[in-house]
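Now for the letters of each chain:
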Amino acid sequence: MKHLRLVPGIVGLIAAFAVLAFVPSCGGSEASKAAAGDAVLQLHETGDPKSIDPHKAGDVVSSQQCGLVYETLYQYDYLARPAKLVPCLAESDPEYDQATLTYTFKLKKNVFFQDDRCFHPSAQGEYFENESEVERADVAAGRNLTAHDIEYSFKRLAALPDSGGFWVLEGKIEGLDEFREKATKLKGTSWDEDGEFFAYFDTPVSGLKVVDNYTIQVKLREPYPQFLYAITLSYGAAVAREAAEYYGDQLTRHPVGTGPYKLDNWWEQKELVWVRSPSFREEYFPTSDAPEHALWRPLMGKRLPLCDRVEFRIIKEAQPSFLEFLNGRLAASGMDKDQFTQAMTTQSELTEEYREKGIRLRSYEEPTIHYISFNMNDSIVGTPAGEKGRALRRAMSHAFNRADYITRMQNGRGTPAGQITPPGMVGHFDDYYMESQRYDLDKARQVLRDAGFQVEGSGDDWTTTDPATGKQVTLTVMHRSTRDSTKDYAVFLNNMGRRIGLNIENELMTFAEFLKRQDEGTGQAYDAGWVMDYPDAQNMLQLLYGPNKPPGINSASFADAEYDRIYKEMAVLDQEVPEQRETKLKLIKQLNEILDREVPWVLVEFRKIFSLYHEWFIPPPWEPANAFAYTYIKFYYVDAEAASQVSERKSPFWPGFILLSVILIPVGLMGWKVIQNQT
Amino acid sequence: MFAYVLRRVLYMPLILFGVILLTFTLFYMVASPDALAKMKLGEKATRLQVLDWQENQGYITWTDDGLEKRQATQRMSTAEAKEVVFVDGTDYESRSWLGLFGSYVGSVLTFDFGNDRTDKPVSERLWEGLGPSLSLTLPAFLISELVGVFFGLFAAMYRQSRIDHTIVISAIILMSFNGIALIMFGQKFLAADWAYFPVHGFEAGFQALRFLILPIILYLIITLGEKVRFNRIVMLDEVDQDYVRTARSKGANENTVLFKHVLRNSLIPLITRWTVAIASLYVGSLVLESFFGIPGLGSLTIDAIANNDVNVIRAIVILGAISFMIANLLSDVLYAVVDPRVRLE
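From first to last, the protein sequence lines are chains A and B.
Residue numbers for the first sequence follow our numbering, so the first one is 1 and each next one is one higher.
Residue numbers for the second sequence follow our numbering, so the first one is 1 and each next one is one higher.
Just so you know, not all the hints are guaranteed correct.
Said to hold, decoys possible - Reference listing, derived: stretches of chain A covered by chain B, where coverage requires no fewer than 3 residues with Cβ under 8 Å from a Cβ of chain B:
1) 147-156
2) 167-180
3) 183-196
4) 318-330
5) 333-339
6) 514-522
Said to hold, decoys possible - Computed list of chain B residues with no C-beta within reach of chain A, every gap over 12 Å:
7) 9
8) 48
9) 118
10) 190
11) 258
None of these hints come from the bench; they were simulated from the model.
Ideal Cβ placement from N, Cα and C applies to all residues, glycine included.
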């Protein structure tokens, strides 16, 4: 039995390492625990938000987190369709003086910032990291929101060099660009260097005039009918100057807003936990008698927010998030390709098994478009190639079988795109489909022949030769991802090319590399997509406006004088004004027709979302408009009792016993052998 | 030995410099200042916003002509302003490669890797992620190595017996399973369907244990087959040696032969493997962390790659290079410790 002395040593070693390993695991800070009976809404994201600073939050995940804590002057009506703006921080609709291009906003008087250390007199002029824990714990009541906060917030959006959102105001407000020029230069890289930067906010901006504590006027430099939509993005959120100066660049991690929730904890890669803000004003769920709003009727008139706590769990992989959803630990879930097959019937309906589990389905079209943009400066496929280039673009477009792509690559989660504006938006025409975007292989080959290419072959195997070079025509499409699904898509494009004789090569790269190639204009074609920022077709049509050429957002470098002229005319028309709306629609149609003629893009699809939710969760009426509205979580409802019953689970005895036996029996036998050897 | 260790330590800065040069070149090519600005500001950022950001980060400096042009654009309409092109060399001066490289070297030497994409200092993220990663990989590594050595020894001692055949066949079966499939299977049945473990998540301190058991078991299953086979081969080289026969002829029982003589003499190849493995423990197990929601460095790395968080990727690469340099030095020293015949000169 001498060697059994080794056992305590080995056990000790493991224990020592285990302790060593666990001690540093206390790196992240834990969120507070939910109280019994709290309505807890658990949702998931695949990654952390980039920022919870509304003036830096450009992506959907960040904007949604900002929407929990920050508010804008207006918000999208939760129930009304089509999308409609209603006052949020503003008391009423703005007054607009067309002659002076001036908006006058009146603010609600009962809006307060959340209680925070930054409002404490002793915190003024201090940086939070220089204060002790005790000092930081000494919070003060949040103050009343005033027009100065709105003025400050517009200035801040302009002044931050790392704000991705200034594009919504660039060149639009009188004096703001000049303010930005100086402010960005004063911005240091640390709080200590920012003294002058903070002080510079006292400099007046001619286009921002505080009339009284609750009234502000904004003077535009040119007509900007999308202005209200633009400032309803998180970039238009009200930030308190005290908070921005106390937390400096770290405001992103210490949000202080007027919204319905307060950040309780953010543990990167794990979760973000929000709790109800006690200082949130009285706001109630909107009412409606419309029959299509029956699902929300029990909630109408209830005080917001409806949930006590919102937990965003960071779950990167599709399987665990779906399993957590099935176990009732997430209120809603999207579906990847495999999960879609598992949960849905061939008629795109939820299976009986899922329905019996209390799971429900909703589907809606997102205001997005997926397209392939050609580089119009390319010598083969672009403008320099003349008719031949146009023929290649048109042939590619005719050869793209959108229905097949949506069925096989997207499980039916999409609609073929035959025009540039997504369904549900002003500027989408139900009876219109660009001729150039219709799937027709014969026509594709004919277009190539007409342009002088030699097209030979049969079935699915064709060769298109350029007589000028005597070689098969090759086109390269660049992709912004190297994921397996992109590889499958590359094969799809490759096969598509074979059917019309084009050799389509695909370059899969990281997003950074993709952006670089796009900016440099070194690619032939780019697989791209766009999520609309607001419900105005201008947001989509700007992607082909000549002056937006790379490094701007017109990655196709499309330049057409007629298009540019009509776009400029269309962009300043307000779709909310009936007499302008008609003209605007006419111009949008004309722009589509130019695109139909020039084919700078192959339009692929408008993405359709299929999402599952538990019946104890009342989801939003998700249609396009809500994709722009990031403040809607306050309207979400969870039946706390029903939710807790679903997530309670019992473990069966036998599977565990059998598995344990399979592991322990051989180990035991070997241990027995060791003991035998000893004797 | 001291001279040898000192020499190796002195080589380290040179190797590190090589790594820094290589990573700088690679990252500069993949993520140019323009691309970095776009990643930070979003695709919708205008050219002027990109240039303002670059100036703030020290990548460019405006020239007087550029500033004048910039001011002139503010008097134009938005459409006219968009037509204005800012030219490198005329309107602004890009910072030289050498200058950028100098800043990069400085940041590596001071472990100041800047902020991650959420504006948190990278060094803080690394420190916070280290604990969860080690709490998964260290126990998993130790247990799997102990079990692997135990089974390897046993198979070697009883070679060509039923015990050996059973161990070898079991090892081959384990090696044949796809790791991802095993993780998905374990997560679905053991966690989601039968509820023996949580499906996903993590908590600080000892609360983490219940979230770690399943990933550790899966790590063990995924890696055990290969370890047992490797160890068995290493041990087989030893069991026929003269010293083993001598030990037996002196009357030592099989356990003494196994654990005292064979194991000790097999340590050199094992140390080589362990040191390399230990050096990469800090990144945890990339896939396991990602699947089970352990907020460690593996998960951070995957997140950084997915989001082009260049500062984090750089830091992880540098940290990896340093770890491997230390691990290599450690393995050389350990060779001399476990085998008196090894002399480090």
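Sort out which numbered hints this structure fails and list those numbers smallest first. Failing hints, ascending: 1, 5, 8, 9, 10, 11.
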